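Same order as they appear, the protein sequences are chains A and B.
Residues 1 to 238 in the working numbering are what the first sequence spells out, letter by letter.
Residues 1 to 238 in the working numbering are what the second sequence spells out, letter by letter.
Keep in mind that the hints were calculated from the coordinates and are not lab data.
Be aware that a few hints might be false.
Because identical chains cannot be distinguished in the list, a pair is counted as satisfied if it fits within a single copy or across any two copies.
Derived lysine-lysine pairs resembling DSBU-like cross-links, with alpha carbons at most 30 Å apart [as the list claims (entries may be wrong)]:
hint, residue 1, residue 2
1, Lys206, Lys192
2, Lys206, Lys152
3, Lys139, Lys152
4, Lys192, Lys152
Fair warning: this is a prediction, and the values are worked out from it, not measured in the lab.
There are 2 protein chains.
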Amino acid sequence: MSPAHRSRLLTHITADLVVLTIRSGQLHVLVVERDNEPFAGQLALPGGFLRGDETLDRTAARELREETGMDPGSLHLEQVGVYSDPDRDPRVRRVITCSYLAIAPNLPVPTAGSDAREARWVTVARLLAPRARLAFDHKRILADAVERAREKLQFSTVATAFCDAEFTIGDLREVYEAVWGVELDRPNFHRKVTDADGFVVSTGRKRTSAGGRPASLYRAGDAETISPPMMRTPRARK
Amino acid sequence: MSPAHRSRLLTHITADLVVLTIRSGQLHVLVVERDNEPFAGQLALPGGFLRGDETLDRTAARELREETGMDPGSLHLEQVGVYSDPDRDPRVRRVITCSYLAIAPNLPVPTAGSDAREARWVTVARLLAPRARLAFDHKRILADAVERAREKLQFSTVATAFCDAEFTIGDLREVYEAVWGVELDRPNFHRKVTDADGFVVSTGRKRTSAGGRPASLYRAGDAETISPPMMRTPRARK
DNA sequence: ACCGTAGGTGTCAGATCGACAATCAGGGAT
DNA sequence: ATCCCTGATTGTCGATCTGACACCTACGGT
Numbered sequence: 001m002s003p004a005h006r007s008r009l010l011t012h013i014t015a016d017l018v019v020l021t022i023r024s025g026q027l028h029v030l031v032v033e034r035d036n037e038p039f040a041g042q043l044a045l046p047g048g049f050l051r052g053d054e055t056l057d058r059t060a061a062r063e064l065r066e067e068t069g070m071d072p073g074s075l076h077l078e079q080v081g082v083y084s085d086p087d088r089d090p091r092v093r094r095v096i097t098c099s100y101l102a103i104a105p106n107l108p109v110p111t112a113g114s115d116a117r118e119a120r121w122v123t124v125a126r127l128l129a130p131r132a133r134l135a136f137d138h139k140r141i142l143a144d145a146v147e148r149a150r151e152k153l154q155f156s157t158v159a160t161a162f163c164d165a166e167f168t169i170g171d172l173r174e175v176y177e178a179v180w181g182v183e184l185d186r187p188n189f190h191r192k193v194t195d196a197d198g199f200v201v202s203t204g205r206k207r208t209s210a211g212g213r214p215a216s217l218y219r220a221g222d223a224e225t226i227s228p229p230m231m232r233t234p235r236a237r238k
Numbered sequence: 001m002s003p004a005h006r007s008r009l010l011t012h013i014t015a016d017l018v019v020l021t022i023r024s025g026q027l028h029v030l031v032v033e034r035d036n037e038p039f040a041g042q043l044a045l046p047g048g049f050l051r052g053d054e055t056l057d058r059t060a061a062r063e064l065r066e067e068t069g070m071d072p073g074s075l076h077l078e079q080v081g082v083y084s085d086p087d088r089d090p091r092v093r094r095v096i097t098c099s100y101l102a103i104a105p106n107l108p109v110p111t112a113g114s115d116a117r118e119a120r121w122v123t124v125a126r127l128l129a130p131r132a133r134l135a136f137d138h139k140r141i142l143a144d145a146v147e148r149a150r151e152k153l154q155f156s157t158v159a160t161a162f163c164d165a166e167f168t169i170g171d172l173r174e175v176y177e178a179v180w181g182v183e184l185d186r187p188n189f190h191r192k193v194t195d196a197d198g199f200v201v202s203t204g205r206k207r208t209s210a211g212g213r214p215a216s217l218y219r220a221g222d223a224e225t226i227s228p229p230m231m232r233t234p235r236a237r238k
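Generate the whole structure from the sequences, applying the supplied hints.
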């Protein structure tokens, strides 16, 4: 082992959060501005250290509440991957992180969190742009989590996690369009989603928004997977 | 924090391997018999501690070579998940592990590994049976990795990682049948696989084995995903 | 009353699927 | 040499799914 690493046998472990939501048709992620070195002033994903008596899942849930004021019980939260490059954190103690993907509906305004740092929504497109910078290896972590979300939309029903408890098929379609960056055929999407077993359940109600016929309201069904899967058909962006 | 955990702020990190292969139509996993406490004498997944100067991916690759004598460069190796229950390891130092799924063709006899402990293949079915026991939380880790493998067969081309460099469509079909525990329709499987873009590439050669018409040999194609996916059709087991 | 907009249904041709018949090409037995 | 058994591979067909797109519905706004 090289001398540079001899002093780093003690490792700390963190959970970092990639909290995604859709705002006005764009995929957004929650970021905080760092107060301290390293990377002070730069944007980073929210996250924090594992405590001695908790699992990483609990760390992720706790940080979600502490840093963003959101309720971990109410939204989709799943482990994505571990990042363990010895040099990913320049501090003396080596830090390994486990990333979590969280999916939230639009409603909550995160900055309202209690002891939250300056947390805010930024479009994923902006943070993944070639010249964009994030602290540590968070750009990579973000990219991996977004890719995970894109894949999961195809085969699972997580898309409903982006919506409120009651939503229209149009809302759901906007989720797919925002996350995949494609435009989907309305009629076909409607049929596929309503025909799929356990994806959406009709409540009797309707919602009448500005312009257009009132849309039926649905809530998420029991199913976790969709078969056959939703297909990501490449067509020109809106 | 409770006193019981106060002394466990220092954590060690391991990589554990779920090495899968197919032997005579059955899905097998590589296990070792533990020499030391805890769980001495019990079966466990191979794995080992992260070193100060390496990533977890490198730890997994190194342990694969050291404990099983296999060449990590030649087989599929992917991170699956992190297991961080504070009580998952009864030792004083808390141990968090990251599991890796490795997929190997049948050929290598693992016990031939250099400084390998007693390593051997056991059917997954046997280890996942209700009354079966594995050290630590390795039963859960195994179950999760196998489930990951099952899912990946649907949408990706990893099934070829179970085969030798050159293989027949029948070999590939046996992989699906063993991992999914179903019987697939030969003609339809053949068509689907050969029609899928970049899944398999025909070498000119043929292999003539005992009984039956000689089968054309293929090698893995460039594609990593299959679209449309392979469908797991439930039919009676052989 | 008319228009714009978005929700939702109908239709149709082409692709895919699952089932299964039929044909091909070896080895082994007679 | 011939027949039989086994698995590989090709054909066929009806049921289903998909993607494109016409068309009808029901609101708010003007």
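Hints, one by one, checked against the model:
no.: 1; hint: Lys206 / Lys192; result: within (20 Å within a copy, 43 Å between copies)
no.: 2; hint: Lys206 / Lys152; result: within (28 Å within a copy, 39 Å between copies)
no.: 3; hint: Lys139 / Lys152; result: both (20 Å within a copy, 25 Å between copies)
no.: 4; hint: Lys192 / Lys152; result: both (17 Å within a copy, 24 Å between copies)
In this structure, every one of the numbered hints holds.
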